[in-house]
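> Chains A and B supply the protein sequences, listed in that same order.
Residues in the first sequence are numbered consecutively from 1, following the numbering used here.
Residues in the second sequence are numbered consecutively from 1001, following the numbering used here.
Since the hints were derived computationally from the structure, they do not count as laboratory data.
The beta carbon of each residue, even a glycine, is placed where N, CA and C say it ideally should be.
Heads up, a few of these hints could be off.
No farther apart than 30 Å at their CA atoms in a straight line, the calculated lysine-lysine pairs in the DSS-like style are these [stated by the list, open to error]:
{"no.": "1", "chain 1": "B", "residue 1": "Lys1167", "chain 2": "B", "residue 2": "Lys1033"}
{"no.": "2", "chain 1": "A", "residue 1": "Lys173", "chain 2": "B", "residue 2": "Lys1193"}
{"no.": "3", "chain 1": "A", "residue 1": "Lys156", "chain 2": "B", "residue 2": "Lys1033"}
{"no.": "4", "chain 1": "B", "residue 1": "Lys1092", "chain 2": "A", "residue 2": "Lys156"}
Now the stretches of chain A that chain B is said to cover, found in silico as 3 or more residues with beta-carbon under 8 Å [unchecked claim]:
{"no.": "5", "region": "74 to 85"}
{"no.": "6", "region": "117 to 130"}
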Amino acid sequence: MSFLEVEEINVFYGDVQVIFDLSLHVEEGEVVSIIGGNGAGKSTLLKTISCLLHPQSGQIRFENALLQNATPEEIVARGIVQVPEGRRLFSLMSVYDNLVVGAYNRRAAGSQEESLQQVYTMFPRLKERTSQIAMTLSGGEQQMVAIARGLMARPKLLMLDEPSLGLAPVLIKSIFKTIRAIADQGTTVLLVEQDVNHSLSLSDRGYVLEHGRIAMEGQAAHLLEDPHIKAAYLGL
Amino acid sequence: MIFVLEDTINGILMGSIYGLTALGLTIIFGVLKVINFAHGSMLMVGMYVAYWAVALTGLHPYMALFVVVPVMFFFGYYVQDLIIKPIFKAEKEVREPITVIIVTTGIWYILDNLTLLLFGPDYRILQDNPLRGKMLEAGQMLISVPKLWGFCAAVVTAASVYVFFQKTRMGRAIRATSLDREAASLMGINQYKVYNIAFGIGTASAGIAAITLVPFFNVYPTVGVLFDIKGFIIVVLGGLGSIWGAIVGGIIIGLIESVAPQFMTATWTEAIVYGLFLLVLFVKPSGLFGVKYDW
Ligand SMILES: Nc1ncnc2c1ncn2[C@@H]1O[C@H](COP(=O)(O)OP(=O)(O)OP(=O)(O)O)[C@@H](O)[C@H]1O
Ligand SMILES: [Mg+2]
Chain A
1 MSFLEVEEIN VFYGDVQVIF DLSLHVEEGE VVSIIGGNGA GKSTLLKTIS CLLHPQSGQI
61 RFENALLQNA TPEEIVARGI VQVPEGRRLF SLMSVYDNLV VGAYNRRAAG SQEESLQQVY
121 TMFPRLKERT SQIAMTLSGG EQQMVAIARG LMARPKLLML DEPSLGLAPV LIKSIFKTIR
181 AIADQGTTVL LVEQDVNHSL SLSDRGYVLE HGRIAMEGQA AHLLEDPHIK AAYLGL
Chain B
1001 MIFVLEDTIN GILMGSIYGL TALGLTIIFG VLKVINFAHG SMLMVGMYVA YWAVALTGLH
1061 PYMALFVVVP VMFFFGYYVQ DLIIKPIFKA EKEVREPITV IIVTTGIWYI LDNLTLLLFG
1121 PDYRILQDNP LRGKMLEAGQ MLISVPKLWG FCAAVVTAAS VYVFFQKTRM GRAIRATSLD
1181 REAASLMGIN QYKVYNIAFG IGTASAGIAA ITLVPFFNVY PTVGVLFDIK GFIIVVLGGL
1241 GSIWGAIVGG IIIGLIESVA PQFMTATWTE AIVYGLFLLV LFVKPSGLFG VKYDW
């Protein structure tokens, strides 16, 4: 049994189907990328795993337990944490308050201080800015807070939705480095990205999502060499 | 001149009590994004609970605090949990569901009529309570003692709620939910539990307002309506969702009500209140202290 196992899910918004018979799996300790263009259904997939949406059919298992009809809070309590697209910080709250809210779930609350030290070590910049209001941070700093807030929840599986979105090339490099570091410290990562080159380079495996279906899957290194991916996503 | 000063002080004191009655309205709006039309009725319920707690035991009116605050907290908590939550769940996709507002209007009618049925239309006042008509002499001025205590209660309550929201785990979760429900639930926060607690806190603060009113104010089934309309004006003036805005907004209304009649016929005071209300809506729709919805 896999760590995370998605089996043939179909997801709808009202009458409109967005995800079709999608299956994937993530093993403990892996970094797995999901790549695909705008509107492919990447965010919808992550929302479904987080139980913000429920599949009309199909199953999702995490550590062998079904996630059927769970609430988003229960998913966090079980150790699946999502850093949502567009950061979604608590805009009028300070950096510190944002981070502490990340440690809200009972599993994480006990080790809040320890987690804080860890994320401050990872992002020294945030330590300098603990009392700054999140809304006034630069885009790069906001993404650091979003990731740090996710780490405060003590994830077993961290899901990141387009962390590089809207960042300058230098910052993109450092964000991906950070993600690799998080994985190296033992957290399993499911990474959704449109920056195919960077994300596949740091991943073990990858899936290509097109129109709500898995179009291709395999070792990240193989996908990077694939002619279809080179043409469609890398502009080569 | 001394009369103007006296009216100013009494206006500030009464106004802070208006602010306290509106505090819960602004808290509930800040978190649930819904105007609770039953808020005045909940204040009325608080007044009856306080009235009977004192009338039946003969205790000092302010001792009712220990009964009213927990009773009102759980009253609000369960009104949200049992009546409002199911509607929120049914309208998950709607940001400001109108059906919830309609339901709070229903709760208003039910509470007012149930009270009428149980206790009749009589005006009740706590006879010979130690605070009734009690005045403090300061120079040539007379300051109402129960209103002075009301002022203290308003400041202490607002400050306590503020600190709770700023410094506690649940307080931060409530603010996070008010800013972004979905992101908050991705951080493991149960949105509906937060709503229950916010509703409980808002209702309990109406209970504190009720206690400060009961020693000098008549209790009757529709007394809430009086404070409802003032409450809406106050929270718009102060900024929907702003704790201190509610207190300051209340004081502004209290001042207009007590000072303006010195200079014009009393009928004009209401015109001034509504005029100011419209002016603020035009010039600064977010209210005097409205910084979106955070505290
Ligand atoms: N709340 C919604 N209601 C209806 N349709 C939606 C909703 N959210 C997304 N969709 C539709 O579902 C499809 C997939 O959207 P999704 O956000 O999952 O794509 P994505 O792969 O994350 O795209 P992007 O890279 O632009 O973020 C799109 O066609 C989108 O219009
Ligand atoms: Mg997306």
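> Test coverage of the region 74 to 85 of chain A by chain B using CB-CB distances below 8 Å; three residues minimum.
With 5 residues in contact (Cβ-Cβ under 8 Å with chain B), the coverage given for the region 74 to 85 of chain A holds.
> Can the restraint linking B:Lys1092 and A:Lys156 be considered satisfied, given a maximum Cα separation of 30 Å?
Holds: B:Lys1092 and A:Lys156 sit about 29 Å apart, inside 30 Å.
> With a cut-off of 30 Å on the C-alpha distance, tell me whether B:Lys1167 and B:Lys1033 pass.
holds, 22 Å
> For the region 117 to 130 of chain A, do at least 3 residues have a Cβ located nearer than 8 Å to some Cβ of chain B?
violated (count 0)
> Is A:Lys173 within 30 Å of B:Lys1193, Cα to Cα?
violated, 40 Å
> Could you grab the alpha-carbon distance between A:Lys156 and B:Lys1033 and see if it respects the 30 Å cut-off?
violated, 34 Å
Checked against the numbered hints above, the structure violates hints 2, 3 and 6; every other hint is satisfied.
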